[in-house]
Amino acid sequence: MLHYLIRRILFGLATLLVITCAVYALVRHMPGTPLTLDLAEMSLDQQISGSEMKRLQQQYHLDRPWYVGYWLWLGNLSHGDLGRSIKEKKPVSRVIGERIPRTLLLSGTSLVLAYMLSLPLGLYSTARSGKLDERTISTFLYMLYAVPTFVAGLLLLVFFYKDLAGTPFQLEPGMHSRNYDQLSPLGQVLDIAKHMILPVICFTYGSLAYYSRFIKSNMEEVVRQDYIRTAKAKGVGPVRILLHHAFRNTLIPYVTMIGLTLPALIGGSVVLEYIFNWPGMGTLYLQALFQRDYPVIMGLTLIFSALTLLGQLLADILYAVVDPRISYQ
Amino acid sequence: MIVEREVMANETTINAPPAIGFWTEAWVRFRRQRLAMAGLIFVVFLALVAIFSPAIVGTKPLVCRYKDHLYFPALGYFYEAWENPIFMTDGVIYNYPQKMKEKDPQSWAVWPLLYQDPLRRVKDGEWEGMSGNPIGAGGVPSSRNLFGTNDLGEDVFAKMVHGTRIALVIGFVSTGIAAVIGIVVGAAAGFFGGWIDWMLSRAIEIMMCIPVLIIMLALISIIEEPTIWHLMVVIGVFGWTGIARLTRAEFLKLKQLEYVTAAKALGFRWPRLMFRHILPNALAPVIVPITFGIAAAILIESTLGFLGIGNPDKTSWGRLLSEGKENLQMWWLIVFPGAAIFLTVLAYNLIGEGIQQSTDPTLKASKH
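So the protein sequences, as listed, match chains A and B.
With the working numbering, letter number 193 in the first sequence gets 177, and the count goes up by one each step, no holes.
With the working numbering, letter number 221 in the second sequence gets 407, and the count goes up by one each step, no holes.
Read the hints as simulated data drawn from the structure, not as lab findings.
Hints may contain errors.
Under the rule of at most 20 Å between Cα atoms (straight-line distance), these lysine to any residue pairs were calculated in the SDA-like manner [claimed, not checked]:
#1 A:K146 to B:W517
#2 B:K511 to A:L155
#3 A:K146 to B:K511
#4 B:K511 to A:I185
#5 A:K146 to B:E509
#6 B:K511 to A:I242
#7 A:K146 to B:A323
#8 B:K511 to A:F144
#9 B:K439 to B:E410
#10 A:K115 to A:L103
#11 B:K439 to B:P471
Given the sequences, and given the hints that come with them, work out the whole structure.
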């Protein structure tokens, strides 16, 4: 197992190298540099002089070929330095560090919610398989799964932000209200929680639909097995069969899904945070792309890719943990 | 016993019906699934809308006689150069009904069902007795603008009808690219094994670890003037891993079978073995992720259009949604394109599941 882990981690590091190198080459070939884009926006008296421009170019290695720049970036990374954001004039690690908890707040909450809600839903649909209520739930979940998150997000905004404007039920995009600073600590928590409602719904419904369908299809396979029939013949009650005998065996694929959904949560954050103006990593990435803020793009790419890799590794390890038949060499 | 012998005797005399092929049988089973068929019918409907989009809604005549020549200006919606340049030089192009009469009183034309344009606002008096489109938030759906108008007064229905072409082409072309890459990589890995398999499997693993949307956004940003074709290539290049993995698994299984050994013994070389003998048998399970891939490609295109990345086409459904985000009170910019994307994705998912049910002999018939 240890040997396997080391190999996987080494392989993951190689993958990270490939991805970051490719992205570095890409961002350096984007039309416009952060400095020239800046110039176009500034008024004449603010413009950077020639010598100042040179100094900035040197600072960000824009005067060197991209592979040299990448090499220098790697060198800085090896002692934990991600560079400084060109726009925000702060270290990239600080800029990203501020955003990570905000994104995790959304994706973590929705992950927990989706897991907690999909269990009873999936089990219920298995127990009532073929009945009218199960068919209704299943059809509804199936349709829900095909609704693109940005469509759902916009519709929710139309209803809760526009149509309910003026009522106490109005929900706004953004992370907190305008008077956030004047609120008491408890009020601040409630305010953020209120702003989380819509994005969390959007984050959750897709995976909820997917997980409960997943549980149901797995359970249906297990329920047909011989040992379930044996349990029934012994006179075990239906609830106990479902929970104690059948469900345990569907746990294996279910647990491994945790790891596999991590990248989807991160990817989804770009679109959702954009819709709800949530100041997380996704919006930061879009903003950095538009502003050609190379160090931030690179830092985020590194984190996104590392999380994706970690998620897959986690899935494989969990696989071995919950299923003793699986071992890695 | 006697009865059985009689039946057997009968059977030898009766001509057996011609054997049903695998695909015919799959089609028979597919047709029995109502939901999958509904999905298929919807996609066929979309294809018809896409092909006949200039005839359904547009401002260019389908056929016209102008200065003693026959022209088909509506083809310009498919490809700009197909609209005869004479209309450009004569200044007819933005007001066919009035300008054509003005320049050539003898002219006649056959018009689309609805006079609205996907790319510009229809102005006052262009069409006899029809006022121009409203601008701004006033463009609610009406009998003139079935799905309302956007901020600039452009007709949403016209945009959506013409946008069908993008959705369909994106789906097929990018998934086509993904399928070709995926099948070739998967086939090579599964067929040759050894270090080729090792290398290709690692390449697949790397591709699967990439946060796709993140890299796609970076990739599209480097293209100076991205077009829909760039998008298709990018979506295709990132969408092949699932197909490759399935193809590889199928090849690993099939190359062990006797008929492949027999073909090898006959002296056929690897390209023939790979593509003539194994691939056709590996195709059925591979078609399922391809169908889902089409749905995913359409979703990605509309997501990018929604984020405003890559200079989305003016008729892209995703771009309409992004206009809706800026003008939330114009709900028609969200509801109609949103429903279109939802239904298209749902249709492809249903078809994919239908194919899975009808080609996989280990699955029981669907309960739906």
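Hint by hint, here is what the structure shows:
Taking the CA atoms of K146 of chain A and W517 of chain B, the gap is near 10 Å; set against the 20 Å cutoff, the hint holds. Our distance criterion of 20 Å between C-alpha atoms is met by K511 of chain B and L155 of chain A, whose separation comes to about 15 Å. Using a Cα cut-off of 20 Å, the hinted pair K146 of chain A and K511 of chain B holds, with the two alpha carbons roughly 12 Å apart. The suggested pairing of K511 of chain B with I185 of chain A holds, with an alpha-carbon distance near 18 Å, which does not exceed 20 Å.
Proximity of K146 of chain A to E509 of chain B is assessed by CA-CA distance (about 16 Å); at most 20 Å being required, the pair is judged to hold. Proximity of K511 of chain B to I242 of chain A is assessed by CA-CA distance (about 32 Å); at most 20 Å being required, the pair is judged violated. Only pairs whose Cα atoms come within 20 Å are accepted, and K146 of chain A paired with A323 of chain B is accepted, the gap being roughly 13 Å. At most 20 Å may separate the alpha-carbon atoms for a hinted pair to count; K511 of chain B and F144 of chain A meet this at roughly 14 Å.
Among the hinted pairs, K439 of chain B with E410 of chain B is inconsistent with the structure: their alpha-carbon atoms are about 45 Å apart, more than 20 Å. A distance of roughly 19 Å separates the Cα atoms of K115 of chain A and L103 of chain A; the hinted pair therefore holds under the 20 Å criterion. Between K439 of chain B and P471 of chain B, the direct Cα distance comes to roughly 13 Å. Compliance with the 20 Å bound is thereby established for this hinted pair.
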